[in-house]
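Number of protein chains: 2
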Amino acid sequence: MKRRTVLGGLLAAGVSSSLGRHSRAATAAPGRRDHRVIAVEEACQIPEIHAALKRLAGNNPPSMKTGPIAGPFVAPLLDLGEGRVRAMDADGVDVQVLSITSPGVQLFDAAEAVTLAALANDRMMETVRKYPGRFGALATLAPQDPAASARELDRAITKLGMNGAIVNSHTNGEYLDDPKFWPLFEAAEALDTPIYIHPREPSPGLEGPLWMPGFIVGWAYGVETGTHALRLISAGVFDRFPKLQIVLGHMGEGLPFFYDRLNNRFRFETAFSPRSVKLQKPPADYLKSNFHVTTSGMNHWAPLAATLATLGIERVMYAIDYPMENQAGEVAALAAFPLSAGDRRALCETNAARVFKLKA
Amino acid sequence: MKRRTVLGGLLAAGVSSSLGRHSRAATAAPGRRDHRVIAVEEACQIPEIHAALKRLAGNNPPSMKTGPIAGPFVAPLLDLGEGRVRAMDADGVDVQVLSITSPGVQLFDAAEAVTLAALANDRMMETVRKYPGRFGALATLAPQDPAASARELDRAITKLGMNGAIVNSHTNGEYLDDPKFWPLFEAAEALDTPIYIHPREPSPGLEGPLWMPGFIVGWAYGVETGTHALRLISAGVFDRFPKLQIVLGHMGEGLPFFYDRLNNRFRFETAFSPRSVKLQKPPADYLKSNFHVTTSGMNHWAPLAATLATLGIERVMYAIDYPMENQAGEVAALAAFPLSAGDRRALCETNAARVFKLKA
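The listed protein sequences correspond, in order, to chains D and Y. Per our numbering, residue 1 is the first one in the first sequence, and the count goes up by one each step. Per our numbering, residue 1 is the first one in the second sequence, and the count goes up by one each step.
Quick caveat, the hints were computed from the structure, so don't treat them as lab data. Only a predicted model underlies this, so the values are computations on that prediction, with no experimental measurement involved. Accuracy of the hints is not assured; some may be wrong.
The list treats identical chains as interchangeable, and a pair is accepted whether it falls inside one copy or across any two copies.
[To be verified] Think about it this way: if two alpha-carbon atoms lie no more than 30 Å apart in a straight line, the pair counts; the simulated DSSO-like pairs of lysine-lysine are: (1) K278 - K65; (2) K278 - K54; (3) K281 - K65; (4) K359 - K159; (5) K54 - K65.
Given the sequences, and given the hints that come with them, work out the whole structure.
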């Protein structure tokens, strides 16, 4: 039924709006929507982490690794108050689910990272409380200290009332498939709260050929983060933690495009390879039981349609990646998607409310 | 116009056939088609390269790196005669465009690679001549010796009448964006013949986190080869050789899914990065002027529909990856795609005939 709706929407779209880049021209109709717009990967920063990243960067030239520590994004990232709310009102965003901009606290030594993560979580929740109904927030974590991360996740959900957690892919070149990080998954599953795996620059093991200026965010981020997700599947994380829910941005970092090929070639490789991976089901099938994907930076119709056809509407959520993407343009793209009213509401409101347990 | 046809086809498809994995159940109707089925990434092997790869592997356990040197694919790969033609007849394939299975001759020292490449090209053309109208062939090249490669490409096209060339991604960890390889592009452009960049296992600079048994072909191959293609764009290869045509298998190795994001984030990164890449147009736009993609291993409707909507029907060609994929199943998937007659013919016949200059 869901898929029929998607395909019907595709027809209704006509031709030009089937291409996301054309839909930029469409006009949102604020105030005439029958749903809220919840955007779930919206970046912010606190001055203490900003200062620590600048200290770490020292006199080196600006780098993708530290995230935006200079330039036009610093001010909107640091604004957790009136300016942000005004931009949301102007652009037609009802709710932002906040997270500290990549790479979060994952560049620091463990002790400093743990302290800064807790501070960030307290600070984001001040904003959530100050503007009722306008914000949710994902807990910043310091995977450098897995036990402390698990405790902070517990505090974030049970004491602070946060809506999940976020990890910016690798930490010191290590991925969460390493069992030393699994206390974090155990806590997330017990707390019934999702973990968003957000990109950062590729790990040292990947960065060589991928390091092309101009193509880091558009390609290498997806490779890094899609690979991270597959490492979790490959390591049996979801057989061990069957209720664990991972969220991937950027339309699932390309994994929906390769859905059938992943299963097909997994069968092929495990049949003919002497080494063998034991999984309870075909690998891509975990995308439909343990993952949700968001449209951050990918509010284009062709990849969205393919993703809806592959994963189903219930596993896809709307996101913008404010302030790195143009918020007004992304809301206009959403308005132009040829979706039924029910599917549109699922995409931009009810799925997010359910997954992140957002209060209305 | 082309896009309207694709979307119309999507509607006609109904629901279940929108998913490639369901369309396996569909039945091809051999003999009742109004078009030929040309499959353009069909693997073969010659005994001399097979023996050289076995010698190279020595007593090591079987590895993805050498390709199929043992197991069930060896016999069909080595069959360049009656058995192959019988399988094509049984499965409904009119024409196979042959290429030596990955990694071709790219593991050998330069002198041996050059000799084996020429032998492979002579041998494939014996088959092409023996079965008129049933085969085309792509020249095996030895990028280890760029000048010799360029000469062999010239011989392959002008003397042997081959239909293009194939390179299996990196050679000793180096990609074709290195200007030392550009004599090959210069020759290809002058000869007006396409170069197919086929996957092999990731280069040493990428293989660490990507080395997941069960996910090498389904994911790492795409990362390796998609990255290779972007390196060509990034290096300005297509500004230097504007008529050069590259073919990518596996539905463009994921690049069509990221089409708009690649352009969007390229603008972002080059605006804010002190280092700068000079290109004559947005990077993904080169996919529509200098690339064709094929459906090898990706005969699934969701990624095909997204690719058609992004690149247009004229840049997409049908392929199977015989014998590694099930030829009959892939032909059935083709028959089940909800395409107009014109688009279907373009996909599986006329585009390939044009790009590879195949004789009818």
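Status of the hints after comparison with the structure:
For the homomeric pair K278 and K65, the shortest alpha-carbon distance between copies (22 Å) is at most 30 Å, but the shortest distance inside one copy (35 Å) is not. For the identical chains of this complex, K278 and K54 are inter-copy neighbours only, at 29 Å across copies versus 44 Å inside a copy, given an alpha-carbon limit of 30 Å. In this homomeric assembly, K281 and K65 come within 30 Å of each other (Cα to Cα) only across copies, at 27 Å, whereas the closest approach inside a single copy is 36 Å. Taking the shortest alpha-carbon separations for K359 and K159, only the intra-copy value of 16 Å comes in at or below 30 Å, while the best inter-copy value is 72 Å.
Within a single copy, K54 and K65 get their C-alpha atoms as close as 11 Å, which meets the 30 Å cut-off; across copies the closest is 43 Å, which misses it.
Hint compliance for this structure: no hint is broken.
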